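**Q** Listed below are the residues making up each chain.
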Amino acid sequence: MKVVVRYFAAVREALGSGEDVEVDPRADIASLRDALAARGGRHAEALGRQRVLRSARNRVLCAESAALADGDEVGFFPPLTGG
Amino acid sequence: MTAPRVSIRADDFDLGAEVAELRAGDGGVGAVCAFVGTVRERNEGAAVGSLELEHYPGMTEAAIESMIDEATRRFGVRAARVVHRIGKLAPSAQIVLVAVTAAHRGEAFRACEFLMDYLKTQAPFWKKETGPGGARWVDARVADDDALARWGIGGGNAAAKETR
Chain X
1 MKVVVRYFAA VREALGSGED VEVDPRADIA SLRDALAARG GRHAEALGRQ RVLRSARNRV
61 LCAESAALAD GDEVGFFPPL TGG
Chain H
84 MTAPRVSIRA DDFDLGAEVA ELRAGDGGVG AVCAFVGTVR ERNEGAAVGS LELEHYPGMT
144 EAAIESMIDE ATRRFGVRAA RVVHRIGKLA PSAQIVLVAV TAAHRGEAFR ACEFLMDYLK
204 TQAPFWKKET GPGGARWVDA RVADDDALAR WGIGGGNAAA KETR
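So the sequence lines, in the order shown, correspond to chains X and H. Heads up: the first sequence begins at 1 in our numbering, then just goes up one per residue. Heads up: the second sequence begins at 84 in our numbering, then just goes up one per residue.
Everything labelled a hint here was simulated from the structure, so no lab data went into it. Keep in mind the model is a prediction, meaning the values are calculated, not measured. Watch out, some of these pointers could steer you wrong.
A few chain H positions that, by computed beta-carbon distances, are all more than 10 Å from chain X [unchecked claim]:
1) V89
2) G132
3) H138
4) A146
5) R188
6) G189
7) A206
8) K211
9) T213
10) D229
11) W234
Quick list of simulated restraints, FRET-style, between CB atoms [as the list claims (entries may be wrong)]:
12) H:A226 to X:K2: 17 to 23 Å
13) H:V225 to X:Q50: 26 to 32 Å
14) X:D24 to H:H187: 35 to 41 Å
15) X:E13 to H:D229: 24 to 30 Å
One-sided excerpt, in silico: chain X residues whose CB lies under 10 Å from chain H [what the hints assert, rightly or not]:
16) F8
17) E13
18) G16
19) R42
20) R59
Backbone N, C-alpha and C define an ideal beta-carbon position, used for all residues, glycine too.
In isolation and in its complexed conformation, chain H is listed as follows (with noise of 0.2 Å):
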């Protein structure tokens, strides 16, 4: 059986058995590339307690699936999955997984630079900090419209304009 291409849990993940299942039974791999963002004990100076991770059920499983099949029609990526925590998470650990197939390293350094660019500002996951000073939501990143916008995608989230 084949594992889904998206999960969105709270449980931790193991790299290593994630990406031996992602690649078992396919010989035409020949690149292998993986991505763990993991929480810093610092955010923009402030000592980071905890962060809380929401996100939109069903609709972020569905957008990071389109991700995964845009991947695929410009990389020729051969197997993608994402993983992506929610909740509570200390500082140190991992927050998001992706991983991806290729016959060869460029498409495979592509394909997951591109789909981590992707998931940073078009799938619904809001990050809510706890630090000394109290709990806030992480403002988004202008820097991350533009690494998308380096794919040619528009769509800015920082940026956003209003739209009259």
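Chain X extracted, bound-state conformation (with noise of 0.2 Å):
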């Protein structure tokens, strides 16, 4: 299946606004990063587990243990700093 990833922030200006990824039908947000972060180079540095990230699924801020449906919107971005 495939899911629509979007980059905010620090992610964005490393690895562009975003991409079409296509993952397994049991894959959750987590196995989702874990897989773009195992391309190495950028992805590595970007979304590796060395770095904070935050998650949305379909535009709620979600936990990386969601489970994922086909032609869902999974962002990845840094802690919020707004206000």
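Take the two lone chains and join them into the complex the hints point to.
**A** This is how it looks when you write it as structure tokens:
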């Protein structure tokens, strides 16, 4: 199945605004992140476990244990600093 | 016509005009509380030349709408409005407005602070500062997580733990 990945702030600067990614049907956000980081290079640098990131599924903040469904939009970004 | 409760925009806002519109036509209002956040000229000791604000379009608006719903449930808010600017802002510029009306001051003060605490760590905005040393993304503060925790809401931001 396919998900739409979107990046923001420092992650966007490293990887661009986002990409479509083919994932395993049982994927969750954590396995998606690890698969992207496993590409190495800039992906490993921006999404690896050495980074503290937050994530959203379909534009709602959620933990990386959230399961994914076909067509989901997943956001990866640094901790939030609004206000 | 009622103004939208959430406005994310580059343009500045006028506190007086926003508050006047918020309470217009509601005779039950006995208290208005508004908070305005502005760009400090120094942050963590360094001069700030400008601040650039990025957000997650669509998610930001939905997140703040749900915060206003929660504030309404908790504090009996009569009306609320949040304006948050994006793009490049100079020192002293206004960044954010949270305005709330209620029957009495207690609810208005609490709802305004609640919304602001919520917004700091749960609305998808990111700040990038430019100063003499170049540009850098502003770090999230654990103190902001603690501020939200006082309302009984978890969901660490600065202190986000790995989930596996």
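**Q** Which hint numbers doesn't this structure obey?
**A** Of the numbered hints, 3, 4, 7, 8, 12, 13, 14, 18 and 19 do not hold.
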